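Throw the hints in and build the complete structure from the sequences for me.
Residue numbers (the numbering used here), protein chains in the order written: chain A, 100 to 442; chain B, 100 to 442; chain C, 100 to 442; chain D, 100 to 442.
Treat the hints with care, since some could be wrong.
[Unchecked claim] Pair by pair, the computed Cβ-Cβ distance ranges are:
#1 C/Asn-369 x D/Val-227: 35 to 43 Å
#2 B/Asn-190 x D/Asp-322: 56 to 64 Å
#3 D/Arg-261 x B/Asp-152: 25 to 33 Å
#4 D/Ile-282 x B/Asn-263: 52 to 60 Å
[Stated by the list, open to error] Among the chain C residues that face chain B by a calculated CB cut under 8 Å, a handful are:
#5 Asn-106
#6 Glu-110
#7 Cys-112
#8 Gln-128
#9 Ser-159
#10 Ala-194
#11 Pro-233
#12 Val-258
#13 Arg-261
#14 Lys-328
#15 Leu-334
What the hints contain is simulated information worked out from the structure, not anything from laboratory work. Treat the numbers as computed from the prediction; the structure is a model and nothing was measured. C-beta atoms are modelled at their ideal positions from N, C-alpha and C, and glycine is treated no differently.
Okay, here's what each chain looks like letter by letter:
Protein chains: 4
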Amino acid sequence: MKFSFKNDYSEGCHPNILQALVQTNLNQQAGYGEDEYSAQAKKLIKDKIKNQDSDVYLVSGGTQANLIVISSILRPYQCVISAAPGHILNNETGAIEATGHKVLSIETEDGKLRPADIIPVLESHSNVPHQVMPKLVYISNSTELGTIYLAHELEELSVFCRQNGLYLFMDGARLGHGLTSEISDLTLERVAELTDIFYLGGTKNGAVIGEAIVINNKDLQPDFAFNIKQKGALLAKGRLLGIQFMELMKDDLYFDLAKHANIQAMKIKNAMKERGVQFLSDTYTNQIFPIISNELIEILSEHFEFYVWKKIDEQSSAIRLITSWNTGDEAVERFIELIQKEL
Amino acid sequence: MKFSFKNDYSEGCHPNILQALVQTNLNQQAGYGEDEYSAQAKKLIKDKIKNQDSDVYLVSGGTQANLIVISSILRPYQCVISAAPGHILNNETGAIEATGHKVLSIETEDGKLRPADIIPVLESHSNVPHQVMPKLVYISNSTELGTIYLAHELEELSVFCRQNGLYLFMDGARLGHGLTSEISDLTLERVAELTDIFYLGGTKNGAVIGEAIVINNKDLQPDFAFNIKQKGALLAKGRLLGIQFMELMKDDLYFDLAKHANIQAMKIKNAMKERGVQFLSDTYTNQIFPIISNELIEILSEHFEFYVWKKIDEQSSAIRLITSWNTGDEAVERFIELIQKEL
Amino acid sequence: MKFSFKNDYSEGCHPNILQALVQTNLNQQAGYGEDEYSAQAKKLIKDKIKNQDSDVYLVSGGTQANLIVISSILRPYQCVISAAPGHILNNETGAIEATGHKVLSIETEDGKLRPADIIPVLESHSNVPHQVMPKLVYISNSTELGTIYLAHELEELSVFCRQNGLYLFMDGARLGHGLTSEISDLTLERVAELTDIFYLGGTKNGAVIGEAIVINNKDLQPDFAFNIKQKGALLAKGRLLGIQFMELMKDDLYFDLAKHANIQAMKIKNAMKERGVQFLSDTYTNQIFPIISNELIEILSEHFEFYVWKKIDEQSSAIRLITSWNTGDEAVERFIELIQKEL
Amino acid sequence: MKFSFKNDYSEGCHPNILQALVQTNLNQQAGYGEDEYSAQAKKLIKDKIKNQDSDVYLVSGGTQANLIVISSILRPYQCVISAAPGHILNNETGAIEATGHKVLSIETEDGKLRPADIIPVLESHSNVPHQVMPKLVYISNSTELGTIYLAHELEELSVFCRQNGLYLFMDGARLGHGLTSEISDLTLERVAELTDIFYLGGTKNGAVIGEAIVINNKDLQPDFAFNIKQKGALLAKGRLLGIQFMELMKDDLYFDLAKHANIQAMKIKNAMKERGVQFLSDTYTNQIFPIISNELIEILSEHFEFYVWKKIDEQSSAIRLITSWNTGDEAVERFIELIQKEL
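Structure, rendered in structure tokens:
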């Protein structure tokens, strides 16, 4: 069987999690997230962001987190602003629109939003009441293109949003990878200060399912649990989510796993760079997009699985390689050797 | 008071309609569109399209027609394709999204959609089930930019939609103007043959309110009335809509009114063209978009009302002039004289 | 043709309205409710409720008013409380649910809600977050059964709602009839003080279309116009609504028309009572529900149209008779004569 | 710590599942339900219902399954019919209404629906298009009251639904318990024949999360996966669901676990019956509702957890006891001993 670099959710979960599931399995617990493991997980997250006043909720997946957060915040006539590659725009089957809200798309080179990108959208939506009212800015970190927000970028965006009455929501499906990137100067604590709401992704970083939604803006906290239940996201055995985040948050396992994934990707990136390979974008997280010849793609495909991402010209395409918390040295070395042999 | 070229809904309604309202006023009639005037109006429309198998429903306005038609047709995960200037995209406060459906936007020069515009959208929405499914093509005739579909253009689009399992829906808020344009070779009968569903706009063509939805595709006919009622669009006194379309459809009044509006606009257009004025797009309906200097805009504004549509450069902008069924010769002549004096 | 007592929307509109439509017809006006007639109508309404701080919006019909008001107020997980005969529960094709909100039904004898009816609903919805959160109380005056709220009843309900964090919304499709009932001690001004939001129905009281929504609670005022546009209820020619309410509010025409309808109904009621007829409920507005024999129903049906409302036993049923602003003495007298002859 | 009879989701999952999770953990698999374990689970289910033409989808929980199934089937103006204790009516925070659909409630003694219950609902919803159109009958087996459908009851309901153009949907959150009840004469195969769609609940029968939706009616199968993704229910690591149902379906583990839960409940029921205890309803599944004195409730509460379900009079209440796949003999015996001692 070929080793897969297709995504970061090909494996199950970190062994610590399995072990905790086994150890706690027959303990009777209250249902619907009222179990003691969930309580402990939430406490660990609040400790890490150094804010006991934030509210934490655990749900199963990213699309679920996105649709619950957005529909809980917006009034019917309000809409979302997202960078064009935003997951909610392209990969969630219209989940946000299904809750009644438009998502405005902004073209950006690197998948990140800056105040200068948003200003024209606000200006072109001033025909009250004939147009939707932009109210929430949706960003991802790391983005769908593998890029990350630096501290000053997030700060500028946060200030801009607050000045303009916009909520700032960070999709953190790969927040671990974003924060442990070698070029990142952001901390989880700072993310919590600068956003109204964000989530810590588990599914793509060592959990089998699970995202932890953190609500920092107190105006957005009341009654949030109703939205989770109404959208079918309140697990009877919430312990499954609690146990996972309890384990991931212990001793920074969450960040260690993400860092490992980043390091493995960077090894491949550097090896390819040394051989003169160009990249679609200059990423420092667990997603890389090298541009290689069709011949090389064919050779690599005999030994590895990955996505051909974007055709560049008749002779070459960008491929996408993703590493995970569990991508071992052996696979990375085999891949690099093959590159070095062929280039 | 300044004469307004701002839009085609500044006046009340055609005198024939008022007269009919007065004459029928105290006749007791069944409610909710079951009155005899609505029946007669529907018959006249079916006669005009030469198809007794189409279903006709009368509603108050365009946004209402658009949201009822689209939400009645699509399954929750299906979406609409529209040209970027489409009314549903920009001027209806997210009414379509509020019913749960995404609207995909396609950039086009002239506000019209062609198969070549749609093919890439279909190709980029093949990641089942992670993306919305394009299912309905929304077009306007005349378009929001004043342009129109020629017969062969609508035919090609219709064939393409049928081959690709897409419904074709024509927003006819200004269908009278589209069909009576001097360059149009389309007929109402042909529109009914080539679309699955369309509507005849009354509000912008001599009615005080009212759009007539015509459902040609028999698959889309069952139970349609439920959608009208559910969205709050079933008037208790449906006679108000019936009487208006009864009058408009008599002796082609509907088309005469639209033609009049077009002619008045063409007079202004030609006068400006003679003086060397350029236009944002080459339209032959009741909307024109001349590009003129800021100085001229200021002078015209002293005597007429109109929208400044789009800044072209520091010295000039395109303005939008709209004529209506009731735009008299006197106002047009005054406008032309002013142009001729100043240019 | 048989005279119809089926409903109060069988005729067109009051002649004053037609006259005003004719007189103003060719005046150019701003669109979308920004016309001077709408401004004047709104001012007249605010004067009548003696509250310049309320906001007034004009829409076409009752279902539209109900769905816009309710969906604009509630968060996704909140629901409405209504008496079982409530129009939104039975006669609007699930319009409220279509905006995402449950309507809880309370059985009551007379179609009215009292605090004692609501308390058990609140108590049985305490399982947070597994149940919807009751947040808005919907009442009608006059009710769907023709009954009305007395001042002390509305006061008690209002106090209860404010104490329990519930909004109070009055459907006033027949508010004129409710307030001019011979037993009513409520005033329009008092209705505005005691409710968060209500509307004055025009369609059933002399207008051809139109309901005037009055928002008294300042928390519910911001951005309301967006909801109207999004739901397809913002008429391009808002003048049609403005002119009607301008005329209806002049010199209390609105109340005179309602009072007339009530009086005509009471004449019939009293004539039947004199002959020993029982009624389904003891109403004092323009709806009466006499219980008569099947034979009498048959005889009456030869000369008049009305609904057979409810089967009482094998020999008799309750019928519903509704009078309108335009129900003349002649028809009433003919009906009474027939009754007197047959009973 | 007190042993809990509060519900059947207090523990984790069956050890076989944990073992399989451990064994497969590091195998790379395709995402989003395309893994080999999900394929195997679906095959096992189709084998058990002896219908390879049914479609099977795995989702996380019951509310999720209910809202996805119902919103995928109904047109906007159609509604659901449910018995009054139905889970979708009382315990899902308006999840169905949030997708735009009304749920009509029918009072029944035992939580089951029969044709005679549904006929009046159909008859009272004939005012087209002013009322919602009943289209889907929602039932649970076992019901929320612990009762079950016998074969002839389900057959009569199925025939009735097909004759009346209604879909029949069975919520099977506790289907294992229903089918293994000592009085049940239904089989899983027969359930699949008689319903259009149903699901097999895992969460309450040994899985940590998971319900298996089975679509038997071929008209309801196309595009179903889009609905799952759009509602946020498509797990990236679908393997978690696949592995669980793979294990549960092996060698009838699913039914063995349910039967065990039923047997434990019956032991308690019989012991109480012997001492003269009355029950709220005569159930033969893992939910029992004994009516006992307040004194006894207090004594039992010192040693066990359970819900006080319904006050009967000043001296006594019905309590709810639920047993699970993991309720051991020791706890049951302790409970019975206490009963025998006190009664």
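For each hint, the structure was consulted:
1. C/Asn-369 x D/Val-227: 35 to 43 Å: Holds, since C/Asn-369 and D/Val-227 (Cβ atoms, about 36 Å apart) stay within the stated range.
2. B/Asn-190 x D/Asp-322: 56 to 64 Å: 31 Å, violated
3. D/Arg-261 x B/Asp-152: 25 to 33 Å: 30 Å, holds
4. D/Ile-282 x B/Asn-263: 52 to 60 Å: 54 Å, holds
5. Asn-106: Holds, about 6 Å.
6. Glu-110: 5 Å, holds
7. Cys-112: 7 Å, holds
8. Gln-128: 6 Å, holds
9. Ser-159: Hint on C/Ser-159: holds, closest Cβ of chain B at ~6 Å, below 8 Å.
10. Ala-194: Status holds, d = 5 Å.
11. Pro-233: It is violated, given that the least Cβ distance between C/Pro-233 and chain B is near 23 Å, above 8 Å.
12. Val-258: Check failed: Cβ of C/Val-258 comes no nearer than 31 Å to chain B, outside 8 Å.
13. Arg-261: 29 Å, violated
14. Lys-328: Holds: closest Cβ of chain B sits about 4 Å from C/Lys-328, inside 8 Å.
15. Leu-334: Interface hint status for C/Leu-334: holds (6 Å vs cutoff 8 Å).
Violated hints for the displayed structure, listed by number in ascending order: 2, 11, 12 and 13.
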